[in-house]
Every structure is written in C-alpha cells, then in structure tokens.
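**Student:** Here is what each chain is made of, one letter per residue.
2 protein chains.
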Amino acid sequence: MPSLTRIIERHIQELLERNGEESVFLSRKDLAERFGCVPSQINYVIRSRFTPERGFLVESQRGGHGYIRIIRLRMKKPEERANHIEELVGEVISEQEIKKLLANLQERKILTARERLLIEIAIRFQEQLCREMFDLSPFKREALHAELLKRLLRSIVLL
Amino acid sequence: MPSLTRIIERHIQELLERNGEESVFLSRKDLAERFGCVPSQINYVIRSRFTPERGFLVESQRGGHGYIRIIRLRMKKPEERANHIEELVGEVISEQEIKKLLANLQERKILTARERLLIEIAIRFQEQLCREMFDLSPFKREALHAELLKRLLRSIVLL
DNA sequence: ATGGATTTGGTCAGAATAAGTCAATGTCGC
DNA sequence: GCGACATTGACTTATTCTGACCAAATCCAT
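Residue numbers (our numbering), protein chains in the order written: chain R, 108 to 266; chain C, 108 to 266.
Each statement offered as a hint is correct.
Same chains, same label: a pair holds when it works inside one copy or across any pair of copies.
Computed list of lysine to any residue pairs in SDA-like fashion (alpha-carbon distance at most 20 Å, straight line):
| hint | residue 1 | residue 2 |
| --- | --- | --- |
| 1 | K136 | E121 |
| 2 | K257 | S201 |
| 3 | K206 | E166 |
| 4 | K247 | Q235 |
| 5 | K257 | R231 |
| 6 | K216 | E194 |
| 7 | K216 | E166 |
| 8 | K257 | E194 |
| 9 | K207 | S167 |
Rather than coming from a laboratory, the hints here were simulated on the basis of the structure. Computed from a prediction, not measured in an experiment: that's the story for all the values here.
Build out the structure end to end from the sequences listed, making use of the hints.
**Tutor:** Laid out in structure tokens, this is it:
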C-alpha cells in the first residue's frame, strides 16, 4: 500500500501532466482536506518530492487567496542538463546517494534501465577495486565515484 | 536441504515470475517474519542474489511505508543475445580490441550508441586510475579491463 | 486609510515505523 | 581443519505523519 505522501505526489504530477502544463497552482488547505491529512503534510510532500534536484521550483503565497505553485523545469539544451548533473553529483557522493540519483534520472527519462544498470556495475567494480586492491579511504572512494559518475552521465546526456 | 537463503531467493523469483512482472515490492519485515529469520537475512539474500551483475536493480526506502523493490531487466528480443562473451573478451584485452568489439556489438544492435559510450568511458577511467594513481603494469591493467568489460557485457547482453 | 479579524501557508520537533550496516558466529563440503 | 557461504543481533539511519506554534496577505468595519 502506497504512502499518503506517494499518493499526493502522484496527484500533483498528474495535474502537471495534464496538457503538459509547466506549472500548477495548489491550495494547501484543500489538498489536505481532500486527502484527509494535516496541512503540513503537503509541505512534507513538496519538500521531499518537488525539489530543485528533481527539477522543480516552488512559489507560494500566504493569506486570503494564498496558493502553492509548482513549476517543472525543462532543460532543453544538453549543456544545461550536463551542468545540472554536475551539481547533483558534486565532488563526493555515497553509494546510497548514487542509487537514489540514478533511480530519479530514470524516472525522469534521462536514463534507460539498461544504462542505469551499466552505471551501477561500473561503480560497484570501482568500489571493489578501490577497497580490496588499493585500500583507499571511504572519502577517496567517494570522490572517485563522483568523478566516474560525472563522466559517465555527462557523456550520454550530451549525446 | 536448501538453505534459507535459497528458499527466500526462490520465493522472490516466483513473485517476479508471476504474470511476468517486471518488479516486486517486498516488505523486509514481513518477509523475515514469514520465513522465521532476522530481517538482515533479507539483505543478505538480496546482496548475494539480486545484484546488477545478474540483471537486477534494487530500490528501497526506510521508515514508514518502507519497502524493497526488486526490478528485473530483460532483453526484448532473445535472438539478439550475444553468447560467448567469455571467449570474446578473454582474460586480458587491449583497448584497441575493446573498441573493435564494442563497435561490432553496436553494429549488431546489441548495444545502443549510448551504452557503448558508457562502457568506453568506464574502461577509460579505470585505465587512467590504474596507470596514474596505482602504477599498475600494462598486463594487470588489461586483465582488469577484461574483468570489468565482462561484467558489464554479461549483465546487459545475457539477460 | 487603518487596524483587528480572518484566512492561508511555513517551520519545527517528536513519535512511530522500517530498512541498512557490520562484525561475530555458525555450518557445511572438501 | 579450512574456506566459503549463511545466519544472527546490536546498533544506525532514514521516512512518514502529526500537531502546536509562527508569519504573512487579505478583508472589512469604522
């Protein structure tokens, strides 16, 4: 059974999907009522799902006629996507973060499942090598992962 | 008598088989209860059986409504399988040979251009690492290339 | 025009839940 | 008895959901 958060997330995504809108206006209060939850749950959904990392911007306004607006960013130029990925990966990245990042990129159709699999294997192999053969510190390993991951993603995102 | 790990592995595979599902959602807690073991046993089963090298992707989430999702990747066209990866690659392989092999696989539509690029970059990065950071002999480097290449190709080509 | 009432949304911390890690230990085939 | 594979449990980390309290925009009576 999916979590409430998941359900609300999907609902918002459907609204965005509809007509390929680039943004939606939501009422926190109404949403909370509709899904039978406390209003701050909506903030949680937004904070955890509609982040800049996932390609969204959020605006809001309080008071009468208040709203929450969710904007989906479209990165059309390959160079933009490459920079975006550069930021996402950073200088150092844990395997947990890598897995989440790859799942997310697949969700966004930036990667296919097969490409994701290849990347996971390449990273795992490097991890094994650096740990067992060269006895590198966790920090160095994570730095090398970040470097490899950036090169891999950059190359195919630019294609 | 088969080990518990095998039994649980079979169970998960059956769930995947059912209706040819591409993925299953599991509850670690429930599985452990059902098979009368400690929850971390499930992690062991997954770590040892449902690896990317065997064509599986695993996603998971902790906390409330947590889950473990196992995704099985499959080739669309079984006739396009490239067997004999072992012989093609061998124990040692030069970058020249790798390039030729990959070009050939792409020609035969077994790899996409993007997948080929990923593999080339992974190999090149490893080459650089082994040469500049660890000063490995050419022979050792070629042996590691062969190992990485086999893992990558086996997973994606033999699904 | 103004200021209090009303209407919204924001923040934060805590409880409950569930998965991950790791190292110690056990088991089985050779 | 050794080595690989399997099992266990103590400890760690992450996610969801809620509610009390805060902040801002608008409304409206004067």
